[in-house]
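Protein sequence lines correspond, in order, to chains A and B.
To convert, note that position 185 of the first sequence is 215 in the numbering used here; the numbers rise steadily by one, no gaps.
To convert, note that position 104 of the second sequence is 119 in the numbering used here; the numbers rise steadily by one, no gaps.
One or more of the hints may lead you astray.
[Said to hold, decoys possible] Simulated pairs of lysine-lysine, BS3-like, Cα-Cα distance not exceeding 27 Å:
| # | chain 1 | residue 1 | chain 2 | residue 2 |
| --- | --- | --- | --- | --- |
| 1 | B | K188 | B | K149 |
| 2 | A | K40 | B | K149 |
| 3 | A | K117 | B | K123 |
| 4 | A | K117 | B | K188 |
| 5 | A | K40 | A | K117 |
| 6 | B | K149 | A | K117 |
| 7 | B | K123 | B | K149 |
| 8 | B | K123 | A | K40 |
If you are wondering where the hints come from, they were derived from the structure by calculation, not from laboratory data.
The model shown is predicted, which means the values in this text are computed figures rather than measured ones.
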Amino acid sequence: MIRDAVLIAKKDLRIEFSTRVTLAQILPFGILNLLLYGFALSPDLKVVGAERSVLEQVAPGLFWLAVLFAAIMALGRSFAIEAADGKLDALQMAGIDPAGVFLGKTAAVALQIFLLEVVLGLAAWVMFGPPLGSAMLLVTTVLITTAAIAAAGTLYAAVTAGSRVRDTLAPLLVLPVLTPVLLGATLATDAAFFGPTSDGTPWLLLIAVFTLLFVGVGMMAFGSLLEES
Amino acid sequence: MVHSGHIIELSDAVALLGDFPALAGLDLEVAKGEVICVEGPNGAGKSTLLRLCAGLLPLHTGSGVVLGKDLANRDERRELRRQAGLLAHETFLYDELSIIDNITFWAKANRSDLSTIEPVLDRLGLDGRLRTVKARDLSAGQRRRTSLAIMISRRPHIWLLDEPHAALDQAGKDAVDSLIKQAVGFGATVLLASHDRRRARAVATRVVNVSGGRILQTPASEQSESSVEATEPVAVEEPPSLASTPAVSALPGRPITKGFVNSSTTSETTDNSATSSPSPDAATEDGSSPDEQTKEPKRVIGATNEPVEEPTDSDDSVDDLFADLLAAERPPSLLDDGATKTTSISDDDPAKETP
Numbered sequence: 031m032i033r034d035a036v037l038i039a040k041k042d043l044r045i046e047f048s049t050r051v052t053l054a055q056i057l058p059f060g061i062l063n064l065l066l067y068g069f070a071l072s073p074d075l076k077v078v079g080a081e082r083s084v085l086e087q088v089a090p091g092l093f094w095l096a097v098l099f100a101a102i103m104a105l106g107r108s109f110a111i112e113a114a115d116g117k118l119d120a121l122q123m124a125g126i127d128p129a130g131v132f133l134g135k136t137a138a139v140a141l142q143i144f145l146l147e148v149v150l151g152l153a154a155w156v157m158f159g160p161p162l163g164s165a166m167l168l169v170t171t172v173l174i175t176t177a178a179i180a181a182a183g184t185l186y187a188a189v190t191a192g193s194r195v196r197d198t199l200a201p202l203l204v205l206p207v208l209t210p211v212l213l214g215a216t217l218a219t220d221a222a223f224f225g226p227t228s229d230g231t232p233w234l235l236l237i238a239v240f241t242l243l244f245v246g247v248g249m250m251a252f253g254s255l256l257e258e259s
Numbered sequence: 016m017v018h019s020g021h022i023i024e025l026s027d028a029v030a031l032l033g034d035f036p037a038l039a040g041l042d043l044e045v046a047k048g049e050v051i052c053v054e055g056p057n058g059a060g061k062s063t064l065l066r067l068c069a070g071l072l073p074l075h076t077g078s079g080v081v082l083g084k085d086l087a088n089r090d091e092r093r094e095l096r097r098q099a100g101l102l103a104h105e106t107f108l109y110d111e112l113s114i115i116d117n118i119t120f121w122a123k124a125n126r127s128d129l130s131t132i133e134p135v136l137d138r139l140g141l142d143g144r145l146r147t148v149k150a151r152d153l154s155a156g157q158r159r160r161t162s163l164a165i166m167i168s169r170r171p172h173i174w175l176l177d178e179p180h181a182a183l184d185q186a187g188k189d190a191v192d193s194l195i196k197q198a199v200g201f202g203a204t205v206l207l208a209s210h211d212r213r214r215a216r217a218v219a220t221r222v223v224n225v226s227g228g229r230i231l232q233t234p235a236s237e238q239s240e241s242s243v244e245a246t247e248p249v250a251v252e253e254p255p256s257l258a259s260t261p262a263v264s265a266l267p268g269r270p271i272t273k274g275f276v277n278s279s280t281t282s283e284t285t286d287n288s289a290t291s292s293p294s295p296d297a298a299t300e301d302g303s304s305p306d307e308q309t310k311e312p313k314r315v316i317g318a319t320n321e322p323v324e325e326p327t328d329s330d331d332s333v334d335d336l337f338a339d340l341l342a343a344e345r346p347p348s349l350l351d352d353g354a355t356k357t358t359s360i361s362d363d364d365p366a367k368e369t370p
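Only chain A is shown next, with the shape it has when bound in the complex (with noise of 0.2 Å):
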């Protein structure tokens, strides 16, 4: 399954850098989504008594906003690929494990949404200026909700994989599936920036079951959902 699950990995990691999607059109989409989340909210905009502007106070979601809308593009393309010329039919034929098919494909995204986060977070950060706290707690919340948005988003993805409208579809399902790990990614990395650290705490370990939960799932029931696609 490993084995399998690299092999998967390097594909699409070899894809990618050879089409360079993630670097020339996802990431300036996701640095787009800052730029408008920053004119729409002028870092002027103070409520009457705070000590902090309303986009200082509302950057952590913005930057996870914009990463979830980048990695859906990401997962998309993902599977994009799959799609195309029957090869997730090849992909049956092959004496390979559906666990490794969704370990290999959730990895090579994951990496690609980790990239991601990290030019997206240089630039909110350059943008919207919060001082870090906890530098820890970040790093942390960014591992492990990488890997949830990674799983639920390559499963999602596979569910609608061999769907016409899969494009379309795919976020519907997922977007809302995703919630419970945007809001703790949110009070997580709320915390890591203004504190106290513990307040993040329950939400990395919510984050982290949903992890699990989604892992656990995505190998089991991936190979019925190849067959199903």
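Given chain A, work out where chain B should sit, using these hints.
What follows is chain B alone, placed relative to chain A:
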């Protein structure tokens, strides 16, 4: 499920595409070593039949066993998928990867021996700089060859070929025909759907006509090319035999042409070449029962004078084929259009259709 040793055994098989019964009660039995040409109009169910036999579609009703695997059982279908080779309309290629990267990926995914990649590419004329070209930049014929190379590297025991001649040039078509013959000689079983009737029938041992998701009784005028031409021999262009090439004929070990005979020189064989399910009452000249004939198909079209040998029962046979494929240098037929020869065909293959 009980089965009688056939490689494919479908009875009243119904397979759905969505809610539509693409196969609507199809009956088909195929013995080891047969080459079945599946004919029929567009939408008749040919591709669905191949996908069903590949284990990619579940059996809705009826019964079906392929390579001993029950098509109604999900786990057995998964096992079947790993043993079958499907050349579909789709090429299974990643456009962003080169030929060599594509075939390497699929070879690893299929647990194939990586050392076989280069010889297979050479064999199919995908050598030199071509192998580093990305799939999106390939012609349709080159994509088809790459797809065929991937399928061969799986060493399947059953070859399911959907329009195998489509998009190929003359040399490519010849190569496909040669590979089919060579594979069958080593015990593989082939089901091919093709609109190139003359070429498909030339390699087939039996023709079945599908319409409306069922096997039809084919009228005499529509039976296999060999039977149509039986009364009046017609010169047709026969694809060059692999065996006729120096590289292959020099191979050590078993002759790769076994299972094929030159119909023009072995009239006895062609006389007995009842290749479709015969009538239960039909008497045969050699006294064998119709069932025996169905299980032991005779090759009616070939290009060599090798004696008839039945496909071996050994499971190693297909692997042996692959070893021989690798041992062989690329035959001229893959590159040269001028290597073809003309053979007089005088078959009288009854080629009755399965009722």
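Item checked: 27 Å limit on alpha-carbon distance, applied to hinted pair B/K123 and A/K40 -> Since the Cα atoms of B/K123 and A/K40 sit roughly 12 Å apart, the hinted pair holds (cutoff 27 Å).
Check: Between B/K123 and B/K149, does the CA-CA distance stay at or below 27 Å?
Finding: 19 Å, holds
Check: Has the given pair, B/K188 with B/K149, been kept, meaning a C-alpha gap of at most 27 Å?
Finding: The given pair, whose Cα atoms are some 23 Å apart, holds under the 27 Å limit.
Note to self: Please verify whether A/K40 and A/K117 have alpha carbons no more than 27 Å apart.
What the structure shows: The given pair, whose Cα atoms are some 16 Å apart, holds under the 27 Å limit.
Check: A/K40 and B/K149: Cα distance at most 27 Å?
Finding: 17 Å, holds
Notebook entry, point to check: Regarding the pair A/K117 and B/K188, is the alpha-carbon distance no greater than 27 Å?
Noted result: Roughly 24 Å separates the two Cα atoms, so the pair holds.
Item checked: Pairwise hint evaluation, B/K123 against A/K117, where the allowed Cα distance is 27 Å at most -> Holds, at about 15 Å.
Margin query: Run the distance test for B/K149 versus A/K117: straight-line Cα separation, threshold 27 Å.
Written below: Distance of about 16 Å is within 27 Å: holds.
The earlier numbered hints are all upheld by this structure, with none contradicted.
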